[in-house]
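Undergrad: Spelled out from the first residue to the last, the chains are:
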Amino acid sequence: MNKKSMGYVLGFTLLVCVFFGTAVATVHYSTLDMLRKNEALHRNRLICRAFLLDVEGESPEAYEEAIRRHIVISKVQDGAKQRTVYRRTDPGNEAVGFDFGGMGFWDRINGIVVLTPDLGQIVNIQFFDHKETPGLGARIEETWFTDQFKGLRIDWAKERDKRVIVGPSPDPNARNRVDAITGATQTSMALMAFLNAELDRIRQLEHE
Amino acid sequence: MAASPRQILQNGLWKENPIYRQVLGICSALAVTNLVANTLFMCFGVVFTVTLSNFTVSLLRNYIPIRVRMIVQVLIIASYVMMVDIIIKALAPDIHRFIGPYVGLIITNCIIMGRAEAFASQNKPLPSALDGLACGLGYSMVLLAIALVREPLGFGTLLGYPLPGRELWWHSWTIMVMPPGAFFMLGIATWIARAKVSKA
Chain A
1 MNKKSMGYVL
11 GFTLLVCVFF
21 GTAVATVHYS
31 TLDMLRKNEA
41 LHRNRLICRA
51 FLLDVEGESP
61 EAYEEAIRRH
71 IVISKVQDGA
81 KQRTVYRRTD
91 PGNEAVGFDF
101 GGMGFWDRIN
111 GIVVLTPDLG
121 QIVNIQFFDH
131 KETPGLGARI
141 EETWFTDQFK
151 GLRIDWAKER
161 DKRVIVGPSP
171 DPNARNRVDA
181 ITGATQTSMA
191 LMAFLNAELD
201 RIRQLEHE
Chain B
1 MAASPRQILQ
11 NGLWKENPIY
21 RQVLGICSAL
31 AVTNLVANTL
41 FMCFGVVFTV
51 TLSNFTVSLL
61 RNYIPIRVRM
71 IVQVLIIASY
81 VMMVDIIIKA
91 LAPDIHRFIG
101 PYVGLIITNC
111 IIMGRAEAFA
121 SQNKPLPSAL
131 DGLACGLGYS
141 MVLLAIALVR
151 EPLGFGTLLG
161 YPLPGRELWW
171 HSWTIMVMPP
181 GAFFMLGIAT
191 WIARAKVSKA
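These protein sequence lines map, in sequence, to chains A and B. Just so you know, we're using our numbering here: the first sequence kicks off at 1 and counts up by one. Just so you know, we're using our numbering here: the second sequence kicks off at 1 and counts up by one.
Watch out, some of these pointers could steer you wrong.
Said to hold, decoys possible - Lysine-lysine pairs mimicking DSSO-like chemistry, simulated, CA-CA at most 27 angstroms apart:
hint : chain 1 : residue 1 : chain 2 : residue 2
1    : A       : K81       : A       : K131
2    : A       : K131      : B       : K89
3    : A       : K131      : A       : K37
4    : A       : K4        : B       : K124
5    : A       : K131      : A       : K162
6    : B       : K124      : A       : K3
7    : A       : K75       : A       : K37
8    : A       : K162      : A       : K81
9    : B       : K89       : A       : K37
Said to hold, decoys possible - Sample of chain A residues lacking proximity to chain B, with all beta carbon distances greater than 12 angstroms (derived):
hint : residue
10   : I71
11   : V85
12   : R153
13   : R160
Worth flagging that the hints you see were computed from the coordinates, not collected in a lab. Just so you know, these numbers come straight off a predicted model, no measurement behind them. Glycine included, every Cβ here is placed at the ideal spot set by N, Cα and C.
Just chain A, same shape as in the assembly:
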């Protein structure tokens, strides 16, 4: 057969595409169960971390048990979509958490924000997934960054997009401010914008 003919080129390329496409799909489907379990473990681990729960061990069962014992998970209608709400009712450790998210620099960032029951302070914040630049914006998930949000005041008296400040502020010691990430100004600004928007929406939901 003439290898230069259009029919051969198209036929060969199609065959290679089908063969390798099938191979990739087979590997994907054979690991689907593991991927689901990994995703559930990742999510549960971050929920426990966000609520500052003590977990006995590192196993998936340990995280599931900690959540089952301390947190009640429910859904509330938020416009056209549903938002997941997490409530911790242990006396002295009451807190309420919400799934939140928004557009980062490259793609959507999703996470959980845990607040005191009066919504006055952030207890903790964790990020489930993002596609920010590795080494720069991706550092939002690092402990030094998320730890800054522990106990952070939400200044409800301020205008909507300045209630929590990520980055510079006229008052560097403001109790509603955290440091931005050096070299990731766009990610920091995006986080500040959607975190404030989501906090505003969360307050409306809690008061409805």
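With chain A fixed as given, assemble chain B onto it according to the hints.
TA: Using the frame of chain A, we list chain B on its own:
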């Protein structure tokens, strides 16, 4: 005359080492070498991809139409990279969250495309697979050497385990965790390899 298996191995590992001789695959060499565990998974990805893609390209070399050969090579490489990506995601999700973007970039790693075009498309499948393996191991060797210095100096750990009594005698070098540390180490590794090892 075709190279012997011994020569192919020597070339990939030492004489034509992809990192310090050909200066290829530097992006990932700089990006993932601050932790040994991340480096090991990246090396696994490159060795797996370059070996199998070389084997496959060689197997099909007499059938691939010349006009679309590079498209077909990229398709083969991309398929193997996607498989590696899925496997790492399933087996080591925490590591995948860190090196995931770089695993995807293996597709554009010059070492793999270079070996497919320069060696596999002109040689038989088994020598081609051996060439891929040797180049992958040569790449891994240099990356691991860099990671074995960067992680202890930068974090005070090795494979995540703290070095004994590190808080008593060691203050971590933050620069070793950051990209400049990788540049310094890569420069030193290249100098040592070129000045000492290659001459031997």
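Undergrad: Are the Cα atoms of A/K131 and B/K89 separated by 27 angstroms or less?
TA: Between A/K131 and B/K89 the Cα gap is close to 15 angstroms, so the pair holds against 27 angstroms.
Undergrad: Against the 27 angstroms threshold, does the CA-CA distance of B/K124 and A/K3 hold or violate the hint?
TA: Between B/K124 and A/K3 the Cα gap is close to 20 angstroms, so the pair holds against 27 angstroms.
Undergrad: Run the C-beta distances from A/I71 to all of chain B and say if the shortest one exceeds 12 angstroms.
TA: Holds, because the least Cβ-Cβ distance between A/I71 and chain B comes to about 22 angstroms, which exceeds 12 angstroms.
Undergrad: CA of A/K131 to CA of A/K162, is that 27 angstroms or under?
TA: Between A/K131 and A/K162 the Cα gap is close to 25 angstroms, so the pair holds against 27 angstroms.
Undergrad: Does A/K37 sit within 27 angstroms of B/K89, going by the straight-line distance between their CA atoms?
TA: Satisfied, since the Cα-Cα distance of roughly 11 angstroms is no more than 27 angstroms.
Undergrad: Is the Cβ of A/R153 farther than 12 angstroms from every Cβ of chain B?
TA: A/R153 is indeed farther than 12 angstroms from all Cβ atoms of chain B, at 30 angstroms.
Undergrad: So if I understand the rule, the pair passes when the alpha-carbon distance is 27 angstroms or less; does A/K75 with A/K37 pass?
TA: Holds. A/K75 to A/K37 sits at ~22 angstroms (cutoff 27 angstroms).
Undergrad: Is A/K4 close enough to B/K124, meaning Cα to Cα at most 27 angstroms?
TA: Roughly 23 angstroms separates the two Cα atoms, so the pair holds.
Undergrad: Hint check: A/K162 vs A/K81, CA-CA at most 27 angstroms. Holds or violated?
TA: Since the Cα atoms of A/K162 and A/K81 sit roughly 26 angstroms apart, the hinted pair holds (cutoff 27 angstroms).
Undergrad: Between A/K131 and A/K37, is the straight-line Cα distance small enough, at 27 angstroms or below?
TA: holds (21 angstroms)
Undergrad: Beyond 12 angstroms on every Cβ pair: is that true for A/V85 relative to chain B?
TA: Its Cβ never comes within 12 angstroms of chain B, the nearest being 26 angstroms, so this holds.
Undergrad: Just want to verify: A/R160 was marked as not at the interface with chain B; is every Cβ pair farther apart than 12 angstroms?
TA: holds (32 angstroms)
In summary, this structure violates none of the numbered hints.
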